[in-house]
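J.: Let the sequences and hints guide you as you build the complete structure.
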Amino acid sequence: MTNSSSNSILLIGESDVGKTHYGAQLLKRLMVSDGEVKMNGAATNLKPFEAALENLTEGVAAEHTPTSSYLDSIWPITNRAGLHAQLVWPDYGGEQIRTMFESRRVSDAWRERILQAQAWMLFVRLQRIHRTEDILSRPLADLKNPKVAPAPTLEAVKLSDQSRLVELMQMLLYVRKADTYRRLRTPRLVLLLTCWDELDTARSPTDTLHEFLPMLSDFVAATWESPLVMGLSALGRSLQPKRPDPDYIARGPENFGYVVLPDGLRSEDLTLPLKMTLSDLSHAI
Amino acid sequence: MNSCSRATCYAPDTGCSLGFLDRSKCPSWSGAELSGTEDTSRVDDVLMPWSARALGLVDAGFVAGRGKPFVVGIVGPENAGKTTLLASWFLLLSRGLASKIDRRFAGSYSFEGWETVAGTMRYHPGYLPQFPPHTSSKEGRAPGLLHLAFRHDADPVRSYLFADAPGEWFKKWAVDSQGPESAGAAWIAQHADLFLLTADRDALAGEHRGAARGTLQLIAKRLMSERRGRPLALVWTKADVSISKEMETAVRNAVFTMSEVGEFAVSVVGNDQNNGIGAGLLELLQWTLDCKRNTAVLPVVDRGTCDPLFMFGMRR
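So the sequence lines, in the order shown, correspond to chains A and B.
When we follow the working numbering, the leftmost residue of the first sequence carries the number 1, and every step to the right adds one.
When we follow the working numbering, the leftmost residue of the second sequence carries the number 286, and every step to the right adds one.
Hints should not be assumed to be uniformly reliable.
A partial selection of chain A residues facing chain B, derived with a Cβ cut-off under 7 Å [as the list claims (entries may be wrong)]: (1) Leu27; (2) Met31; (3) His64; (4) Arg104; (5) Val106; (6) Thr132; (7) Ser163; (8) Met215; (9) Phe219; (10) Ala222.
With a straight-line Cα cutoff of 20 Å, these simulated EDC-like cross-link-like pairs (lysine to aspartate or glutamate) come out [what the hints assert, rightly or not]: (11) B:Lys353 / A:Asp179; (12) A:Lys177 / B:Asp307; (13) B:Lys385 / A:Asp263; (14) A:Lys242 / A:Glu112; (15) B:Lys456 / B:Asp440; (16) B:Lys456 / B:Asp438; (17) A:Lys158 / B:Glu397; (18) A:Lys28 / A:Glu58; (19) B:Lys506 / B:Glu545; (20) A:Lys275 / A:Asp263; (21) B:Lys577 / B:Asp440; (22) B:Lys310 / A:Glu112; (23) B:Lys577 / B:Glu548; (24) B:Lys385 / A:Glu211; (25) B:Lys457 / B:Glu397; (26) A:Lys177 / A:Glu225; (27) B:Lys310 / A:Asp108; (28) A:Lys158 / A:Glu95; (29) A:Lys47 / A:Asp16; (30) B:Lys385 / B:Asp440; (31) A:Lys177 / B:Asp329; (32) A:Lys177 / B:Glu511; (33) A:Lys38 / A:Glu254.
Just so you know, the hints here were simulated from the structure itself, not pulled from any lab data.
Since we're looking at a predicted model, the values are computed, not measured.
Here a beta-carbon is modelled for each residue, glycine too, at the ideal position from N, C-alpha and C.
T.: The structure is reproduced here in structure tokens:
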């Protein structure tokens, strides 16, 4: 049986990683009736995405999605093979993820989403990842007599970005009751490295993930049998909130944006991450 | 208020230690839910059963649920670099270097604990890195345990608990293993699956090198009597510091009276200043992760019977 609720794809990402921009760009492409993946019925609560799309049409970046947008947006989709699924956007602002992590609590609503999803799509914006050197990677010339003030006393330990992301995945896996004794097949994991244009790299997404977040990359490879890592530039370039981009106004947002496939090839088809996930899910059925 | 009959479960303040997401389904839950004054919207929330800090004996139960984790006891006097060794390993793993020892990092339930020890060795804006502060010597029955999990190829995940104990504990334990202040070190001696005995070359070359040698010899002697065949390695820390031949021989003589002892020299200072991985750290981690627990050895069957009841003979 291929009913849509049994094939839900959960979109997860902290704030300001570009989820709403991707949603807005996807929305237009999914409405095209001859696309390989298309919208199949009425989506719920498209307001934030439509507002973002309006901004993009005018060549400006969408405003930050307010925290109060706590309603799910659920998009029924289907591929050419007739597989129905639903895209679940639970938290466009991304604050719920932060709250979940800080309070170490997962709400009932999130628990249901985590349990039901057959695929998790995690958005990570590598340009925002804070990478620090340490005493091993950049040794001090004189270890015994450092000439500047000592390291600050860390009153509240702040996890490094990659520890935080691994911990978040562990929390989701715990709620899912996933047994990671052996590597996982379900839920499928898709890592979308967003704002790819900011990185200015010719390397493959997998290599780039390893360069920026080596421990997360290791954890994902150790935990999932075949995780999918892709690059995504939903807008194709940076847009400003106030200064409109003339190219965007002239050509329309639908002509911008690209994804980078696991092998490093680029495609302008922003629905590819969905196509590949659906194809994996159909094999799993 | 504790509404669970299990002494090792702190629900509802934490998640159910038996892993029930809906605690009303747990047989040990007494059923008392939150009173009306509390935030009822959060009653159904799932709480994580681990805090991400260094694990205590109660939390260790969560990690051990899947299988007994391998406990690594790092033994040695204070300021010997035990915590620095742990912090260095975490920094190397943070840089994805588990692949160099044929492993993949498969998670940790004590990230905050790791970041606390490793954080000081990172560069922060306006500050230079430092070695981790002295591990405080509060009286305790057990050390803080730092968890790591690794996977080799597609094998099952293997969990490790690294005991981060203050050096004072071992000093007291070496003198009196049954004393009230030796409980924490005695816990390590009883439960560790392998031992790393740290010999601090800086102390063995310093002003009080005689005392440092004496302490190390005492600890080695105690370890010898409590080792029970478990894997052991002598780890020269701060290996970039040179010590006299006589001193090196004296320490070796104290340790190598035991059989099958590994020997490693580690330092955060690499052989080549820019190699970025220190010296000997990954080799020691690989040896540690490769160690296997002693298993029970069944007696050889030399009877001609196929009946399992009489396979090992009869008492006459």
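J.: Does each hint hold? Answer for all of them.
T.: Evaluation of the provided hints:
no.	hint	verdict
1	Leu27	violated, 32 Å
2	Met31	violated, 36 Å
3	His64	violated, 25 Å
4	Arg104	holds, 5 Å
5	Val106	holds, 4 Å
6	Thr132	holds, 5 Å
7	Ser163	holds, 4 Å
8	Met215	holds, 5 Å
9	Phe219	holds, 6 Å
10	Ala222	holds, 4 Å
11	B:Lys353 / A:Asp179	holds, 16 Å
12	A:Lys177 / B:Asp307	holds, 12 Å
13	B:Lys385 / A:Asp263	violated, 24 Å
14	A:Lys242 / A:Glu112	violated, 39 Å
15	B:Lys456 / B:Asp440	violated, 39 Å
16	B:Lys456 / B:Asp438	violated, 40 Å
17	A:Lys158 / B:Glu397	holds, 8 Å
18	A:Lys28 / A:Glu58	holds, 15 Å
19	B:Lys506 / B:Glu545	holds, 15 Å
20	A:Lys275 / A:Asp263	holds, 16 Å
21	B:Lys577 / B:Asp440	holds, 15 Å
22	B:Lys310 / A:Glu112	holds, 17 Å
23	B:Lys577 / B:Glu548	holds, 17 Å
24	B:Lys385 / A:Glu211	holds, 15 Å
25	B:Lys457 / B:Glu397	violated, 29 Å
26	A:Lys177 / A:Glu225	holds, 17 Å
27	B:Lys310 / A:Asp108	holds, 16 Å
28	A:Lys158 / A:Glu95	holds, 17 Å
29	A:Lys47 / A:Asp16	holds, 18 Å
30	B:Lys385 / B:Asp440	holds, 17 Å
31	A:Lys177 / B:Asp329	holds, 17 Å
32	A:Lys177 / B:Glu511	violated, 39 Å
33	A:Lys38 / A:Glu254	holds, 15 Å
Of the hints listed earlier, those the structure fails to meet are numbers 1, 2, 3, 13, 14, 15, 16, 25 and 32, in rising order.
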